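Novice: So the sequence shown is residues 1 to 214, counted in my numbering.
No lab work stands behind these hints: they were computed from the structure. Fair warning: this is a prediction, and the values are worked out from it, not measured in the lab. No false leads were slipped in.
Quick list of the computed label-pair ranges, beta carbon to beta carbon:
#1 R213 / G13: 23 to 29 Å
#2 D185 / E60: 33 to 39 Å
#3 E110 / L59: 30 to 36 Å
#4 P50 / A125: 36 to 42 Å
#5 N208 / M182: 15 to 21 Å
#6 V212 / G180: 16 to 22 Å
Note that the Cβ used here is the ideal one computed from N, Cα and C, for glycine as well.
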Amino acid sequence: MDKKPLIIIGAGGQAKVLLDILLAQNAAILGLTDADTASPGVGRHVLGVPVLGGDSRVLEHSPEDIRLVNALGSVRRTGKRREIFRHFRALGYSFASVFHPAAVISRLTELGEGVQLMAGAVVQAGAVLGDNVLVNTRACVDHDCRIGAHAHLAPGATLSGGVTLGEGVHVGTGAVIIQGIMIGDGATIGAGAVVVRDVPPRVTVAGNPARVRN
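Using the sequences and the accompanying hints, generate a full structural model.
Specialist: Listed below in structure tokens is the structure:
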């Protein structure tokens with residue numbers, strides 16, 4: 001990570017996890033933004049870091065002077081994480097990647113911009129992760145997986161070798177996807193699901209074995 005100061009977009013639970021990592025790495029953090037509160041949270045702090053106001057506070061800084069960290073998860077806001085990334089990238093801002101020191105990352109991976117790998121995450125050789133991908137606590141991406149931009153692997157999710165996730169896929173907590181499966185853009189894999197066949201775009205699957213629920 002370069003030494004440019006950071007602004008964190010979001011001030012909820014994911015922001016707290018990211019702050020914990022970044023503060024331990026002595027990152028320079030200007031503050032957080034919060035678009036979800038009526039007065040957007042001005043005056044409060046998260047782990048001692050000030051909430052600056054709404055997302056528009058980012059625009060007070062030149063894209064050359066700062067980097068952003070996307071702290072939106074996908075609970076109750078599917079697509080919002082992608083929307084924020086695209087919005088600020090279009091304005092010329094860049095997103096920092098964040099890697100917990102306990103994440104295991106093969107040197108033979110390709111990682112896009114703004115990727116986040118939380119504690120205990122594993123990314124094996126030959127895996128390719130697109131921009132703005134979040135691999136949450138103890139989630140596993142095995143060899144030769146292809147993860148589309150803006151995908152989120154919730155805690156404990158497991159992708160066996162050669163799995164392909166389309167753009168914006170959400171893989172729920174503890175879900176398992178067996179080797180070679182393809183998941184279409186925008187699909188949601190329910191918590192604890194066991195996926196043994198390909199999943200079409202923009203559907204929700206759940207259960208063991210996973211079946212379409214919508």
